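K.L.:
The primary structure of each chain is shown beneath.
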Amino acid sequence: AQKITQTQPGMFVQEKEAVTLDCTYDTSDPSYGLFWYKQPSSGEMIFLIYQGSYDQQNATEGRYSLNFQKARKSANLVISASQLGDSAMYFCAMSRGIFGANSKLTFGKGITLSVRP
Amino acid sequence: DGGITQSPKYLFRKEGQNVTLSCEQNLNHDAMYWYRQDPGQGLRLIYYSQIVNDFQKGDIAEGYSVSREKKESFPLTVTSAQKNPTAFYLCASSLGRSGTGSQPQHFGDGTRLSIL
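Heads up: the protein sequence lines correspond to chains A and B, in order. Take 4 as the starting number for the first sequence in this note's numbering and just add one per residue. Take 5 as the starting number for the second sequence in this note's numbering and just add one per residue.
Treat the hints as calculated values from the structure; they're not laboratory data. Keep in mind it's a predicted model, so treat the numbers as computed, not measured. Virtual Cβ for every residue (Gly too), placed ideally from N, Cα, C. Do not take every clue at face value.
[Stated by the list, open to error] Okay, derived cross-link-like pairs now, SDA-like style, lysine to any residue, Cα gap no bigger than 20 Å in a straight line:
1. B:K75 <-> B:N30
2. B:K13 <-> A:E47
3. A:K112 <-> B:G44
4. A:K76 <-> A:P43
5. A:K112 <-> B:G62
6. A:K73 <-> A:K19
7. A:K112 <-> B:K13
8. B:K61 <-> A:A4
9. A:K6 <-> B:R116
10. A:K112 <-> B:I64
11. A:K112 <-> B:N22
12. A:K112 <-> B:R48
13. A:K6 <-> B:T90
14. A:K6 <-> B:D42
15. A:K6 <-> B:G62
16. A:K6 <-> B:K13
17. B:K13 <-> B:P108
18. A:K112 <-> B:D42
19. B:K87 <-> B:I64
20. B:K87 <-> B:R17
21. A:K6 <-> B:D113
22. B:K61 <-> A:R99
23. A:K6 <-> A:Q86
24. A:K19 <-> A:A4
25. B:K13 <-> A:S45
26. A:K6 <-> B:G44
27. A:K6 <-> B:L49
28. A:K112 <-> A:K19
29. A:K112 <-> B:N30
30. A:K19 <-> A:V81
31. A:K6 <-> B:D63
32. A:K112 <-> B:Q45
33. A:K112 <-> B:K75
34. B:K13 <-> A:P43
35. A:K112 <-> B:D113
[Claimed, not checked] Distance ranges between label pairs, derived from CB positions:
36. A:K19 <-> B:T83: 45 to 53 Å
37. A:K76 <-> B:K61: 26 to 34 Å
38. A:M14 <-> B:P12: 29 to 37 Å
Take the sequences, apply the hints, and build the full model.
P.N.:
Dropping the structure here:
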């Protein structure tokens, strides 16, 4: 069975600073995908970044980067130059396999990030 | 603009009543999903469908039913058998079998269901 663990309590960061949100995972599958989603207070889920288990390079998307440490089974999200609009819940999720037919996701419980002006 | 539309935004259910949540997508995605989110919690999968006329139970399917008669539509019925239906319900879609590689799911804006 797959499991995602997000144990940080509410996180606070000063505007324009970087912040790391932790995610560890557990799976016996050799191929899997790791995703981060952002959920503002309005409720919609916004896809941020993806890392495949066979990807050699860490994924980056604008101010978001994923620090993927396969041996430690961690997939931490790094947000650089935080903005007030980054205040939200952040969810780490995992898919079984990396192909379309296996895109069912398992989510962690999320981390609340608050950006201070 | 392509996207996923969920309706209604807010829904109230009386005891013993079935209610249906609508989910429509115009992204031409094969796969669709229903999740439940309780306060302060992550998303839990209720049902998913990889193709028209086929769907599978997720982790918490009891008290729910779905249909997938059209590619664009995946309605969720919360039946009277679901004793604790108050939650935020999110519908999502992805390329599914027609895609390879990264398969991010795209989400609707959700429906908040409450008991009267």
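K.L.:
So, for every hint listed, does it hold in this structure?
P.N.:
Results for each hint:
1. B:K75 <-> B:N30: Between K75 of chain B and N30 of chain B the Cα gap is close to 9 Å, so the pair holds against 20 Å.
2. B:K13 <-> A:E47: Since the Cα atoms of K13 of chain B and E47 of chain A sit roughly 11 Å apart, the hinted pair holds (cutoff 20 Å).
3. A:K112 <-> B:G44: This hinted pair holds, its Cα atoms lying about 7 Å apart.
4. A:K76 <-> A:P43: Roughly 27 Å separates the two Cα atoms, so the pair is violated.
5. A:K112 <-> B:G62: Holds: K112 of chain A and G62 of chain B sit about 17 Å apart, inside 20 Å.
6. A:K73 <-> A:K19: violated (29 Å)
7. A:K112 <-> B:K13: violated (23 Å)
8. B:K61 <-> A:A4: Holds, because 16 Å separates the two Cα atoms, which is no more than 20 Å.
9. A:K6 <-> B:R116: With a Cα-Cα distance of about 26 Å, the restraint between K6 of chain A and R116 of chain B is violated, given a limit of 20 Å.
10. A:K112 <-> B:I64: This hinted pair holds, its Cα atoms lying about 16 Å apart.
11. A:K112 <-> B:N22: Distance of about 29 Å is beyond 20 Å: violated.
12. A:K112 <-> B:R48: Holds, at roughly 10 Å.
13. A:K6 <-> B:T90: With Cα atoms ~25 Å apart, K6 of chain A and T90 of chain B exceed 20 Å; violated.
14. A:K6 <-> B:D42: OK: K6 of chain A and D42 of chain B at ~18 Å, within 20 Å.
15. A:K6 <-> B:G62: Holds, because 15 Å separates the two Cα atoms, which is no more than 20 Å.
16. A:K6 <-> B:K13: violated (30 Å)
17. B:K13 <-> B:P108: violated (23 Å)
18. A:K112 <-> B:D42: Within the cut-off at roughly 10 Å; holds.
19. B:K87 <-> B:I64: holds (13 Å)
20. B:K87 <-> B:R17: Since the Cα atoms of K87 of chain B and R17 of chain B sit roughly 11 Å apart, the hinted pair holds (cutoff 20 Å).
21. A:K6 <-> B:D113: violated (25 Å)
22. B:K61 <-> A:R99: Cα-Cα ~16 Å, so holds.
23. A:K6 <-> A:Q86: violated (30 Å)
24. A:K19 <-> A:A4: violated (38 Å)
25. B:K13 <-> A:S45: Distance of about 11 Å is within 20 Å: holds.
26. A:K6 <-> B:G44: Holds. K6 of chain A to G44 of chain B sits at ~18 Å (cutoff 20 Å).
27. A:K6 <-> B:L49: holds (14 Å)
28. A:K112 <-> A:K19: Distance ~26 Å between K112 of chain A and K19 of chain A Cα, so the pair is violated.
29. A:K112 <-> B:N30: violated (29 Å)
30. A:K19 <-> A:V81: holds (13 Å)
31. A:K6 <-> B:D63: holds (13 Å)
32. A:K112 <-> B:Q45: Holds, at roughly 5 Å.
33. A:K112 <-> B:K75: Violated, because 30 Å separates the two Cα atoms, which is more than 20 Å.
34. B:K13 <-> A:P43: holds (16 Å)
35. A:K112 <-> B:D113: holds (19 Å)
36. A:K19 <-> B:T83: 45 to 53 Å: holds (50 Å)
37. A:K76 <-> B:K61: 26 to 34 Å: For K76 of chain A and K61 of chain B the Cβ distance comes to about 28 Å; the hint holds.
38. A:M14 <-> B:P12: 29 to 37 Å: holds (33 Å)
Violated hints, in rising order: 4, 6, 7, 9, 11, 13, 16, 17, 21, 23, 24, 28, 29, 33; the structure is consistent with all others.
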